[in-house]
Structure formats: C-alpha cells, structure tokens
Amino acid sequence: MAVKLVSINTNMNTIINPLFLQLLVGILIGLGAGYLGSFMILKRMSLVGDVISHVALPGIALALILKINPFLGAFAALFLAIIGIWFLERKTELPSETLVGIFFALSLALGILITPEPELLEALFGDITRTSPVDALITIVLAFVIFFTMFKIYRKLTLSVISKQLAQSIGINVSKISFLFLFLIAIIVALGIKVTGVFLMGALVIVPAAAAKNISLGLTSFTRFAALFGGLSALVGILFANHFNLHSGPIVVLTSGVIFLLTLLFKK
Amino acid sequence: MANQETILTVENLGVKFDNNEVLKGLNFFVQKEDVLAIVGPNGSGKSVLFRALLGLVPYSGKIQWASNLKIGYVPQKFNIDKDLPLSVEEFFNFKEEGSEKIMNILKSVGITDEHHIEKHILKQRLGWLSGGQLQRVLIAWSILDNPDVLLFDEPTAGIDIGGEETIYNLLKKLKDKRGFTILLISHDLNIVYKYANNVICINKEMVCFGEPSTVLDPTSLVKLYGGEASFYKHEHEHNH
Numbered sequence: 000m001a002v003k004l005v006s007i008n009t010n011m012n013t014i015i016n017p018l019f020l021q022l023l024v025g026i027l028i029g030l031g032a033g034y035l036g037s038f039m040i041l042k043r044m045s046l047v048g049d050v051i052s053h054v055a056l057p058g059i060a061l062a063l064i065l066k067i068n069p070f071l072g073a074f075a076a077l078f079l080a081i082i083g084i085w086f087l088e089r090k091t092e093l094p095s096e097t098l099v100g101i102f103f104a105l106s107l108a109l110g111i112l113i114t115p116e117p118e119l120l121e122a123l124f125g126d127i128t129r130t131s132p133v134d135a136l137i138t139i140v141l142a143f144v145i146f147f148t149m150f151k152i153y154r155k156l157t158l159s160v161i162s163k164q165l166a167q168s169i170g171i172n173v174s175k176i177s178f179l180f181l182f183l184i185a186i187i188v189a190l191g192i193k194v195t196g197v198f199l200m201g202a203l204v205i206v207p208a209a210a211a212k213n214i215s216l217g218l219t220s221f222t223r224f225a226a227l228f229g230g231l232s233a234l235v236g237i238l239f240a241n242h243f244n245l246h247s248g249p250i251v252v253l254t255s256g257v258i259f260l261l262t263l264l265f266k267k
Numbered sequence: 000m001a002n003q004e005t006i007l008t009v010e011n012l013g014v015k016f017d018n019n020e021v022l023k024g025l026n027f028f029v030q031k032e033d034v035l036a037i038v039g040p041n042g043s044g045k046s047v048l049f050r051a052l053l054g055l056v057p058y059s060g061k062i063q064w065a066s067n068l069k070i071g072y073v074p075q076k077f078n079i080d081k082d083l084p085l086s087v088e089e090f091f092n093f094k095e096e097g098s099e100k101i102m103n104i105l106k107s108v109g110i111t112d113e114h115h116i117e118k119h120i121l122k123q124r125l126g127w128l129s130g131g132q133l134q135r136v137l138i139a140w141s142i143l144d145n146p147d148v149l150l151f152d153e154p155t156a157g158i159d160i161g162g163e164e165t166i167y168n169l170l171k172k173l174k175d176k177r178g179f180t181i182l183l184i185s186h187d188l189n190i191v192y193k194y195a196n197n198v199i200c201i202n203k204e205m206v207c208f209g210e211p212s213t214v215l216d217p218t219s220l221v222k223l224y225g226g227e228a229s230f231y232k233h234e235h236e237h238n239h
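Chains as they are written, first to last, in numbering that gives the first Met the number 0: chain A, 0 to 267; chain B, 0 to 239.
In short, the hints are calculated from the structure, not lab data. For every residue, glycine included, the Cβ atom is placed at its ideal position computed from N, Cα and C. Errors might be hidden in some of the hints.
What the hints assert, rightly or not - Ranges of calculated distance between the beta carbons of each label pair, as one might list FRET restraints:
| id | chain 1 | residue 1 | chain 2 | residue 2 | range |
| --- | --- | --- | --- | --- | --- |
| 1 | B | 66 | A | 265 | 33 to 43 Å |
| 2 | B | 114 | A | 260 | 50 to 60 Å |
| 3 | A | 140 | B | 168 | 40 to 50 Å |
| 4 | A | 265 | B | 106 | 32 to 42 Å |
| 5 | B | 115 | A | 219 | 53 to 63 Å |
What the hints assert, rightly or not - 27 Å max Cα-Cα, derived DSSO-like pairs, lysine-lysine:
| id | chain 1 | residue 1 | chain 2 | residue 2 |
| --- | --- | --- | --- | --- |
| 6 | B | 81 | B | 122 |
| 7 | B | 174 | B | 193 |
| 8 | A | 151 | B | 122 |
| 9 | B | 171 | B | 23 |
| 10 | B | 15 | A | 90 |
| 11 | B | 176 | B | 193 |
| 12 | A | 267 | B | 81 |
| 13 | B | 118 | A | 267 |
| 14 | A | 42 | A | 90 |
| 15 | A | 90 | B | 118 |
| 16 | A | 175 | B | 15 |
| 17 | B | 31 | B | 172 |
| 18 | B | 94 | B | 61 |
| 19 | B | 94 | A | 42 |
| 20 | B | 106 | B | 174 |
| 21 | B | 122 | A | 175 |
| 22 | B | 171 | B | 193 |
| 23 | B | 100 | A | 151 |
| 24 | B | 69 | A | 151 |
Stated by the list, open to error - Away from chain B, derived, C-beta distances all over 10 Å, residues of chain A:
| id | residue |
| --- | --- |
| 25 | 96 |
| 26 | 147 |
| 27 | 221 |
| 28 | 244 |
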C-alpha cells in the first residue's frame, strides 16, 4: 500500500504544478484559519489562539522519533492541549490565559529540545514547498469538515459567547459546542504547521481575524472577511516567497500583518 | 382571578455546589399569569434558583412545571461589549422567526418607529445599543417565540430604559397583552409592591412566600437583609 501511494505521489507530482499544489493547500488553510480565528476572537481567546501552535512541537518531535506522520503527532499534541483548555473553560468562566501561556511556552521548550536537528527548522518555520498531492487531498477533506461543522454550530457557539446561561436555557449544550470548536482549531493548526511552522501558525489564526474585526460591523462580514484575509495572505505570501525564493511561512504571516495595518485605516 | 391554574410547583428544593448549600428547603408555587418576585440580598441564591428552575444545575427536591410550557429567560450575565461584532439583526436571526415577526416584537417592546428599527436598530452592533435599548432588545428576543413563562433576572437595579417607562411597566404591559406568567428577580422592594402579586424571599433558605403586602413584614425583612432592612423599606416612592 505504501509503495503504491508513493508511486501515485511521484506520478501526480510530475503532472500537477507544485506551485499550484502549494497555493491550493495554503489558501484552503488560510481560509479555515481565518474563519476559525474570528470565533477565537469572539470567544476572547486571542492569546490561546496565538500560542496554541507551540504545543504541536513536542508532538511533531515524538512522531519523527517514532517515524510516523508528523501531522498526526502535531494533531495528537494539539488534541491534548484543547482538552486541557476545555477543562479550564468548564471550571471557570474566565479564560485561564496565564496558565495556558505558561504551559504552551514550556511545551515549546520541550519540543525544541527533543526535535531531531535536521527537521527542527522545517517544524519551526514550515515548508510548504514539500507539499504532496496526498497532503492536498487531506487538506481538502479536512477544510470541508471544518466549514461544514462550523456551518452547523456557529450560531450556537456565538450565542454561548454572548450568554452561557441564555444558550443553555434554550437547550444548547455549551460544553459540547465548545469542544467541537476547539477540535476544529486543533485540526487547522496541525494542518497549518506545514505552511507557517509551529512558531507562526497561531498568527495565521489570529491576525486575519483581527484585521476583519477592524472593518466589520456584524458577524457575517467579520467571519467572511477573516476567511478572505487568511486565504489572501496565503495566496500573496506564497507567490511572493516563490518569486523571491524566500521562506513562505514568515511571508504569509507578514502579509496578514500588512492587511491588518491596512484595515486600521478603515476601522469601524 | 379567572386563571387559577398552577403552572409550577416547587417542593423542598435544594441546590449544592461542592457540598456548599446554596439553596435549601424552598417551597412555593406559581399560578398562570402570576407575577412572582424573588427577593433577597446579594449571594442569597436568586439566580441559582432560576438556573435550577431551568434545569441547568443539579438540584434535590421537586420542580414540577405544567406540561408543554415554553419558558423565556433573560439572564443577568451578558458578555456584550462595544466591540462584539454582531448586529442586532443577526442576534434575532439566531431564532429563525422571520423579519416581520422581529419588527412586530420590537414594536411591542416600545421601539415603535419602523424606519428607526430598520436603519438604526437592526443594522447596529448589539454592543452599541444604549443600556435601555439593549434591555428592550433582550426582552424582545426572549419573548420572540411566544413563551408562556418569562424568567427575568434583573441585570442592573432600576435601569432607566428611556422616557417615563421603566422595564417593569413594559413587562407588565407585555404580560397583560400576551398573557404570560412572569418570575422576576428584583433588588428593589418598591418594584415588588407595585408589580408583583406574589413574592418569595430567600436567603439561601426560604424566608417568606405570599402576597407582598402580607409577608414582607419587618420580621422577615430583618431576617432577609439584617440591618439593611430600613434602607429598603424607606426608599423613595417612584412616580410613574
């Protein structure tokens, strides 16, 4: 099976333009990260969103040591992290940002220590040039899962942000909705590490959404602009990096930063 | 009163959080179209009582609602600040009731100008509404799908919602027009005398239950508020 996959991979690589693959994967991840980021901001979890990606590193390291797919390692570590956040959310009404900040920084330190040297740079800063058709396929499927799930839960999620009690009183399972949402965050961050690396993936979740918030009055425009800015950052960033032969991850995040600065001019 | 149908019976209700008794031994009932006020000092368990009635916290004892009742709820806590990107229209659309109904319900809570509703209320951010407008909008939202009972947890004591009207006038008018039952938490005893036909006083346990003029006697007020009682009793009369 593995041999067959590899041969399909090489065949596809020769057929599909690598830049097209990078753009496809990058834009889908940008769209998803921006969109989910808008709800991260709505839930007042900007800091968590910003640093959650750091947790992935020890997972990636373990996956590399155990010779399994790094995406799975990253996802497993993120999944543990979101369970932690979810428990904290249930215990207190306030976001436990200090605790999260400390824990996430520590896991980054641990990750740097145990990640094998050759892969460390890629894990930290991403390398989208190594995107395979199989990666693209996984990204397409998971992006669909993210948008489909959010379409089902975004109203309930928003209502539970406005008032947990109100949401519960009309039969919304606040805790379940919150868990589903955090689960999607874990997916998008694990996916996005390929694009921007562990250090910067959080920024791709938060910055486009923060930019969208500047220019939006309502929820619909906020979430759509957030997705759009995420996708646009990936598109422009990858093209720019490709043209000047630079690392695409930082350029993608810097692009989102430029968009953020531009939106300040039109702040509502 | 024509309607003497009991819609809620509460017997020996108790709520514990981590072995901490927050409420105990509550017994009362609510009849159709009653206005029941719940009074008590801060931390006496009033909001917890609402949450128990809504089935949101575990409790001991009995809470029996009449069957097929629809309950509307205006909680005390809202996280609506100025930069929350959510328009009033989007907030109403969460209930999927259609724009005509939304317009009608906003009119019924005293925002009467259609043009004003369309241009200045619905398109506005929820967090940009004034305190009074927000209060009206939250009530409108909670009664949009025609509840039989409205649970109203007073967010701020004696909020002025604009003009001569208080939130209680509005609730009373709505109740008379739509015939629902109201349970309200209030900090202002004047409100209780004026609008409620029954009152339950709690301070973790039940201190009194009955008609305000009968049960809110000096003994129970002292038991309820301690030294604060005089302050509550001599508060100025509102003129409406």
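Problem - Structure versus earlier hints - violations, ascending order - result: 1, 2, 3, 5, 9, 15, 18, 21 and 27
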